[in-house]
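Please put together the full structure from these sequences, using the hints given.
2 protein chains.
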Amino acid sequence: MELSFLSSLVVENASKVVLVVLDGLGDLPGPEGKTALEAAATPNLDRLAEEGVCGFHDPVAPGITPGSGPAHIALFGYDPLRFTIGRGVLDTAGTAFEFAAGDLAARINFATIGPDGRIRDRRAGRIADAEGLRVTERLARAIRDIDGVRVLFQHVKEYRAAAVFRGAELEAGLKDSDPQKEGLPPLPVEPAAAEPSPRALRAARLANALIERARTVLADEPAANFVMLRGFDLYVPLPNFCELYRWRAAAVAAYPMYKGVARLAGMRVVEEGQSTLEQEVALVERELPRTDFLFLHVKKTDSAGEDGNFAAKVKVIEEFDRLVPRLVALRPEVLCVTGDHSTPCAMRSHSFHPVPLLIRGQNVRRDAARAFHESACLGGGLGRIRASELMALLLAHAGRLAKFGA
Amino acid sequence: MELSFLSSLVVENASKVVLVVLDGLGDLPGPEGKTALEAAATPNLDRLAEEGVCGFHDPVAPGITPGSGPAHIALFGYDPLRFTIGRGVLDTAGTAFEFAAGDLAARINFATIGPDGRIRDRRAGRIADAEGLRVTERLARAIRDIDGVRVLFQHVKEYRAAAVFRGAELEAGLKDSDPQKEGLPPLPVEPAAAEPSPRALRAARLANALIERARTVLADEPAANFVMLRGFDLYVPLPNFCELYRWRAAAVAAYPMYKGVARLAGMRVVEEGQSTLEQEVALVERELPRTDFLFLHVKKTDSAGEDGNFAAKVKVIEEFDRLVPRLVALRPEVLCVTGDHSTPCAMRSHSFHPVPLLIRGQNVRRDAARAFHESACLGGGLGRIRASELMALLLAHAGRLAKFGA
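Residue numbers (numbering that gives the first Met the number 0), protein chains in the order written: chain A, 0 to 405; chain B, 0 to 405.
If you are wondering where the hints come from, they were derived from the structure by calculation, not from laboratory data. A quick note: this is a predicted structure, and the numbers were derived from the prediction, not measured. Hints may be right or wrong, so weigh each one.
When chains are identical, the list treats them as one kind, so a pair holds in a single copy or across two.
[Stated by the list, open to error] Derived lysine-lysine pairs resembling BS3-like cross-links, with alpha carbons at most 27 Å apart:
1) K314 x K174
2) K314 x K33
3) K180 x K156
4) K402 x K174
5) K402 x K180
6) K33 x K156
7) K174 x K156
8) K180 x K33
9) K314 x K180
10) K33 x K174
11) K33 x K402
12) K156 x K402
Structure follows, in structure tokens:
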């Protein structure tokens, strides 16, 4: 379904929609044959399932294991194969950096290079945030353009930063300069294609020139005396989420990448030093009165899955469940709980398995699901949808979609 | 999902995938309200269902009854609406004939024409294979080109053969010359379009010239003294299955058409005089060590359905079930059992009904299905997918797909 079609049906009303994404929620049966969601005691989620309608979504398509970027892009209603956002843009979008259409972004790793021209430390001794920020600002003061092209720098975290080329028509198909192993010299940035376009060739020249300039600027640094560039990525703006759906949208997330993807979509990102789940829910309580759509991202279900820590995943789910009544008390017209993808503890990685999905709100056609977990969702009324189809369902349950045709 | 996208995610590993297609497997309830799959005693398939994940596929789309060509094209991961292969190419692909891109193929029916110019026998007295081969070779020796365009002949079976025009830019939208009824004169080959392209007009002229030349060559034949052309079809090569998925693929099938579609996809076709199901399974045992993906085609479920012979369909399913332990003993990482379409005994024809599907292998999210048949698959974890989505699932369960995006 084209976004323009969906957008053409949108009507405004006073309803509120809360979308909770428990990152990596989907699971495979672990100890005692249960998934984390099945093993967790979740009386409040189960009540939502009983009052609502359940099912599954495939983040991208059956069989496809998504990264967090494509998975969220899809949940927000965009075709994740059409709107691809690489790590270079995604990481940087998590900061306050403002991208412009056509920006070519690269991730910077500050590194230590020896007088022999070999990489001694690929992370510059894992310098702290303050130190990373200082050397990034040093680069920003010294290098404002290369070969007439504007260059912007943004510190991300510790030894990580980003470089952005602006205002030139460049291509992103470039190889990383990181040799991946210490004791080796850095690689030149080269176009990935066998027969590169002039735009890719120019981008490679700019990147190599940047590396050389940075080396001169940082020559007297004890640790971060070199930059490696990787993850070259062209910024293509997403159609604005607030304009598409004619509402105010806000995001509450503890991790920069998820703030980033919400910001790229045009949501207002609630910037606080929040870290606990309880603090996130408190922000939802504070922000919902001044927004129509609220995206709440919970990270630690995924972290536990990546660690293969079944007990921890159960614990995060139970912790969230105890907070569910506070979300229900806000009386949003639509409350949706799902994940962005599965991260089975047994696999310790993202996976392709469909993700449990629950929608509770006005005009739901209730189904037989009496609990919220993989087995119960199998008989759910939503069946198995694509993540990118979710937005239409949320809008519909919020009464925000007009009839199509006469 | 574009094939190029899926292909871009493929990684190689040592896993093995076996895809069993029980032709026309899906059914409607027959005697005692059960489908053939429900009535059959299938303890081994049921165990696979219990250990695996079940569901349905629509071969092309809900409501669409597919021929064997599109159904297999879709199971192999191609969009059956984009990659259309007509009967002319499909029949001939089942022989050893090697197509080249741009070939225009037509099916030949040898016929008997009277001195009055009317068709006396549309099948030339159903001449046997040896006789069909002899007259085909006679044509091949006498007619090597027409109007500067190369012509190739291939015997298929009994009174059926194929003619292929090579090296000219022709179009396939041509009407058959078969009048469909004996006692009528043959029809001229004409473009199907009201305003035909020059390429279609030229193809029609070539086809009519071929018919005339063949009439002269075969004038002294007692039975096969005429050819009728039908099923004009342009050969468009499929993207190579082995290159797309970066593995070795082989096909075991008893019937030429299924060998043909596998060959068109670029699979290695195991050429043996196999005929029984047991012999086919023995070939799987022999070939799996030297292949990564093995397609096993079982024809007789469909034949029984086409005959409306419920008992025979049950018997074939039970015969296959007894061989399942031999497939399991090969320990493929992924074992998938399904059909290419439904052939309900009650309808005696292909139908549009969704086809039962089962995947057993590593990282399956087991579901509640404890048997393999239409009713049990309804609650299955795979839900209802398109056949063309199956390959991504098989690759995913085989650990052969990398994560998409960051």
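Consistency of the hints with the structure:
no. : hint        : verdict
1   : K314 x K174 : neither (41 Å within a copy, 58 Å between copies)
2   : K314 x K33  : within (14 Å within a copy, 37 Å between copies)
3   : K180 x K156 : within (21 Å within a copy, 62 Å between copies)
4   : K402 x K174 : between (48 Å within a copy, 19 Å between copies)
5   : K402 x K180 : between (58 Å within a copy, 23 Å between copies)
6   : K33 x K156  : neither (37 Å within a copy, 56 Å between copies)
7   : K174 x K156 : within (23 Å within a copy, 55 Å between copies)
8   : K180 x K33  : neither (40 Å within a copy, 63 Å between copies)
9   : K314 x K180 : neither (37 Å within a copy, 61 Å between copies)
10  : K33 x K174  : neither (43 Å within a copy, 59 Å between copies)
11  : K33 x K402  : between (42 Å within a copy, 25 Å between copies)
12  : K156 x K402 : between (47 Å within a copy, 24 Å between copies)
The structure shown violates the earlier hints numbered 1, 6, 8, 9, 10.
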